Amino acid sequence: CHVVAMPFPGRGHINPMMNLCKFLASKTDNILITFVVTEEWLGFIGAEPKPDQIRFATIPNVLPSELVRGADWIGFMKAVSTKLEAPFERLLDRLEPPANVIVADTFLVWGVGVGNRRNVLVSSFFPMSATMFSVI
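If you count the sequence shown from 1, you need to add 18 to reach this note's numbering.
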């Protein structure tokens, strides 16, 4: 099984998604997980230890830098919703083996559409409490 994990580009989303991936990898050797981040984020987390079944793949830095995104949060959110989908799709086109499952952060609302167009199962991952989910 090849799982492609696409977290929202923020520490509070990337860390929980990685924890989920490590948990999945601990359950079987018959899984390959491709963890997708921007090139900038790979620089932040690329050296962290991970199981052999998890590999990183990057998409270009099409977003404002993590180091300055707080200065224009609305612009950052707009970029996430409009600029990440196309590079993610191009990455999926190159992956070998092809993805069987996409685990997309709930904030990446385009993730379900990407999976549906490719006839790939999609799971939406929400890294916050159910109480927070009920608020939004």
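Each hint should be verified, as a subset may be incorrect.
[Stated by the list, open to error] Derived DSSO-like pairs (lysine-lysine); straight-line CA-CA distance at most 30 Å:
1. Lys45 <-> Lys68
2. Lys45 <-> Lys96
3. Lys68 <-> Lys101
4. Lys68 <-> Lys40
[Unchecked claim] Label-pair restraints from in silico Cβ distances:
5. Met150 <-> Lys101: 23 to 31 Å
6. Ala89 <-> Asp47: 43 to 51 Å
7. Gly88 <-> Asn48: 17 to 25 Å
8. Leu139 <-> Ala104: 32 to 40 Å
9. Ala104 <-> Gly28: 36 to 44 Å
No lab work stands behind these hints: they were computed from the structure.
Since the structure is predicted, the reported quantities are computational estimates derived from the model, not experimental observations.
By construction, the Cβ of each residue, glycine as well, lies at the ideal position given by its N, Cα and C atoms.
Verification of the supplied hints:
1. Lys45 <-> Lys68: holds, 14 Å
2. Lys45 <-> Lys96: violated, 36 Å
3. Lys68 <-> Lys101: This hinted pair holds, its Cα atoms lying about 28 Å apart.
4. Lys68 <-> Lys40: Answer holds: Lys68 to Lys40 is near 7 Å, not above 30 Å.
5. Met150 <-> Lys101: 23 to 31 Å: holds, 25 Å
6. Ala89 <-> Asp47: 43 to 51 Å: holds, 44 Å
7. Gly88 <-> Asn48: 17 to 25 Å: violated, 41 Å
8. Leu139 <-> Ala104: 32 to 40 Å: About 21 Å separates the Cβ atoms of Leu139 and Ala104, which means 32 to 40 Å is violated.
9. Ala104 <-> Gly28: 36 to 44 Å: Once the Cβ atoms are compared, 20 Å apart, the range 36 to 44 Å for Gly28 and Ala104 is violated.
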